[in-house]
Structures are given as structure tokens and as C-alpha cells.
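*Asks:* Given next are the chains, with one letter for each unit.
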Amino acid sequence: MMAAGIISVGLAMAAMTAIVGLRYLATSGLFAWVGLRRQPGLHTGLGTQIRREIGWSLLSAGIYGIPAGLAAWTWQERGWTRIYTDVNEFPLWWLPVSFMLCLAVHDAWFFWTHRLMHHPALFRRIHAVHHDSRPPTAWAAMSFHPWEALSGAFVIPALVFILPLHFGVVLAVLLVMTIMGTTNHMGWELFPARLVHGRAGRWLITATHHQLHHERYSCNYGLYFRYWDHLCGTDRGLGSFVGAGAGRAGSARAGSS
Amino acid sequence: MAALSALALAGLAAPGPGAAEPAPAPARAALDITVHGINSARGVIRLAICPPAAGFPDCKGHEVRTANLHIAGGQAHIQFADLPAGTYGISVFHDANANGKLDLFMGIPREGYGFSRNPPFRPRAPRFAEVEFAHTGTMATSISLRYIL
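Just so you know, the sequences run in chain order A and B.
Under this note's numbering, the first residue of the first sequence is numbered 1, with each subsequent residue one higher.
Under this note's numbering, the first residue of the second sequence is numbered 1001, with each subsequent residue one higher.
Hints were generated in silico from the structure; no laboratory data involved.
Not one of these hints is a red herring.
Partial list, computed: chain A residues near chain B (C-beta under 8 angstroms):
id : residue
1  : A72
2  : W75
3  : Q76
4  : G79
5  : I83
6  : Y84
7  : T85
8  : F167
Computed footprint of chain A on chain B; a stretch qualifies when at least three of its residues, placed anywhere within it, have a C-beta under 8 angstroms from a C-beta of chain A:
id : stretch
9  : 1120-1127
10 : 1141-1148
Glycine included, C-beta positions come from ideal geometry on N, C-alpha and C.
One chain only, chain B, in its complex shape:
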């Protein structure tokens, strides 16, 4: 079901056969992501790019692109060279102890986390609508991490 709706949306985003635009948007383009505000060089930054209906913010399914980023100088960087055009949300966290998950205390993150569009701090995970962005051409985005506990 999730995969179906993601496909439907991908179909919508792709240029239609009767599109009147003189220069149709490319089907794939580069996405450059910088994560900053990382408070230590320990562990790794884990990142997921989620299309709609991929179960954001946990981001599951074959449509999701994931990556582990190396930390250098409080920052981490990655470029996806040929990401299909479409709508995405990015979910990222600092897996300082490299155990493969975002550690929580009573539901509150104990490791740094962040999202595309850097939504303000609220007592819940953001909704997809608060982090989504349209990837229509080569672009760069920047995510700052938030540490609570």
C-alpha cells in the first residue's frame, strides 16, 4: 500500500507525456546534504531520505535511500548523485554509540537528531508535511542536529 502510493506520487512528479513546458524537469538530479551542529566525533550520522508514505520519520521500504555519514569537524556531508525527482523528507540522527538506533529515555531522544527544513522543537516527531521538500533539480540542503538530553 505504502509502495503503491509512493509509486503513484512518483508518477505524478514525472513529466507527463503532454507536458507543455519547454524544458521539462529532469527525472533525476543531485541532492547535496550537509548535517551540522554535531557535538562529538564519536559514532556515525545515519540518514534516510523518505518519499511520502514511507513511514516517516522511521522511513521503511525499498523506496527509502539510507546512508551512514562520517563525522568531520562537527559536520557530515553526502551527495546523492541521481535521486529521482519527487517529494522527500529527510530524517537524520547521530548514532554516537553506533548501536544502529536512536537511543531514547522515556520517549525523549538521547542522541542528536534532525530533519529536512529544520522544524522547531516540539514534544513529538514532526509530520511529513513539516519536513517535505520538492526535489526537482540539483539542490543542496542543510540540516542542523538537535540534542535534548
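The following block holds chain A by itself, in its conformation from the complex:
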């Protein structure tokens, strides 16, 4: 009985690893392909780096699969999540509010753990893996050291036990998380300039904003929103993709901080 339980938890983790891995390959593959169509030289000279990015990302899929599999198994066998399906079970305003709350919690967790990982000791041992991408590509979406992957792996699986979340909200949060994680690293801006440079862009993190983090290291730490960076005085504004090739050469001087 005990052994059967362990096997079924293990199977759930393996299934989630496969789903996360395939999701990564599909999403990063799609944006890498679109990027190359727009700009045929986007990945020139980055073959070795991209292979490394894919390797770390698939390893991360195995890490993400652990809490995701545990949550899925608990839900499937014990029914212990707070996920609901009837939109009227809670007031309708809870749908957008819970969605934003999930992103805000994930963003806050990411911002502070990310800043912690820029501490020189942790940076060298853990976070350097992610910054080895110079410049990052769409394949760097999950290119993290296993310890860093683990630090972020528990957030969404924990939230489904804490907050009552509509099933559609869970899917939307996972979708935004997957797309932003990929597009913020892919080396070109997905969103229209009006949004990026407009009022919304002052609060939302886009590829143009995150690019500067990978150039300068000690600024623009956020994940979805800029307010933590604004509050902490670590927001250095938007980066640029002009002469991304030159940035690649120039980044050799950039150290960790």
C-alpha cells in the first residue's frame, strides 16, 4: 500500500516533468522560430550557449515536476486543493483579483529570491548559470541551476492550496508565467512600442526591461511588475536591442554584483 502510494506520487512527478518539459520545448521553440523569422542573425554564434540553455532548462523541468506532481497527486487522490469550477462560487470580482494576486505573490517571491541570488556567494554558485546566457535567447526561459529552479518551483503549487482559485485562473496564471518567462529573454520585444514605452510599460516588465538586467546585472530584478524595483531604487529603465551583437561582446566586462 505504502509502496503503491510512493509509485503513484513518483508517476505524477514524472508526468508533470514531461508536461513542463514539453511546454518549454513548444513555447521556447515557437518564440525562437518567430525570432529567427524576424531577424535571421538572432542566434548567430550562440549554438553552444543554446544547447547549454536547453540542457539546464530540461533539468529544471525535472525540478519543477516535483512540487507540481505532488500538488497534482494530492488533488487527484485526496481532493485537497481549493481549485473551483463554478464562477459564481465566489464574487465575480474575485476572478481578476485572484489572478492579479497570484502574479503579485509570484513576482514578490521572485524579486526577493532573485536579489538574494545576486549576493556574490550565491551568484557564483547558483545564479551564474542563468547569466551565462549573453545575451539570453528564448531557450533560456528555464535555464537555471537546480537550486534556483527549486526556489521558484513551489510558488504556484502552494497557491492552489491557499487561495480559492478558479480552474481558468490557474490556467491563465500558468500561461502568463510561461509566456513572460520566455519572451522576456528572447532578445526582441513582443509587445507594441506604445505599450512598452507607454503608461502600462512603467509598471509591466517586458523583454526590453529585462534585457537591461542581463546587461547590467545589478538592476531590474523583477518578474512581472516594476514596482518592487521602483520601491527599492533598482529600476534603471528600459534596455535596448540595438546592436545586440555588440552587447554580447561588451558583456564580457560585466561582473556579478
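Fit chain B to the supplied structure of chain A, relying on the hints for placement.
*Replies:* Structure of chain B alone, referenced to chain A:
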């Protein structure tokens, strides 16, 4: 095989020759089913009453009773007048586009669905043990539909 075990169970449920009860359970009784929470009047409600080992939740075989229910005021209703006593699970879905099947997106139902005993939402179809009920006499049951996508 499925039919055999269903017959065996039906045999178990029927009153035995040496039963000591003063009033033996009737061999057949009425079952009244109300489906509620239907979100539109489009299409039809498809329902199946499955004995054990009838391949729940898809419910196949000659032991299975099926019905198509008319939707009125967000509800649908049917009465089976002489259902043999026994253990059953009910599987129901809202075939809004009337194509004869529960439409899925990546394995997730795109049309409303429900089961007897209204099991909570989980990322899988319920097992027979989670929906089964004993039909021993005239009874009424109510199933609420769940819409996910």
C-alpha cells in the same frame, strides 16, 4: 466478462431464497433523476445509468440504461419507472452542440458534465466507488453539472 460480473452482482442484490427479512426489497423500483445547473437551453442532456463493471464513466454494454433529456429552465428531469434494484453510478453531460459526445480540449471537458453523488472537482474522471449508490427502493437523486472551460 463485464456482463458476467454485472450479472453476478445483480444476483447478489436480488433477495435470496432463504432471506429472513419480513419485507424483502422489491426487485424493481422507480428512480427519479433531476439534473440542474445547466447553463443554456441549447442541445440535450445525455445520461447513462451504469451498473458496476460497465466501463464507467463511458458506460458501455446492454446493462446500461441511457436517455436523452430535454432542457427546461436550466434543469432536466427523467424518471426510470422500473429500474432493477442494484448498485449504480450515473454519468451525465450537456451535449450543447448535439454531436453525440462530450467535447474535450486537451482532455478537459468543454461541455458541462456531472455524476451521481456529485463528487468534488478533481483532475480526472471519478472512479465508480466515488459515484455509486444503492438503488433498493423508489428514490430521487439530483446531479449538478460542472462547466470548466
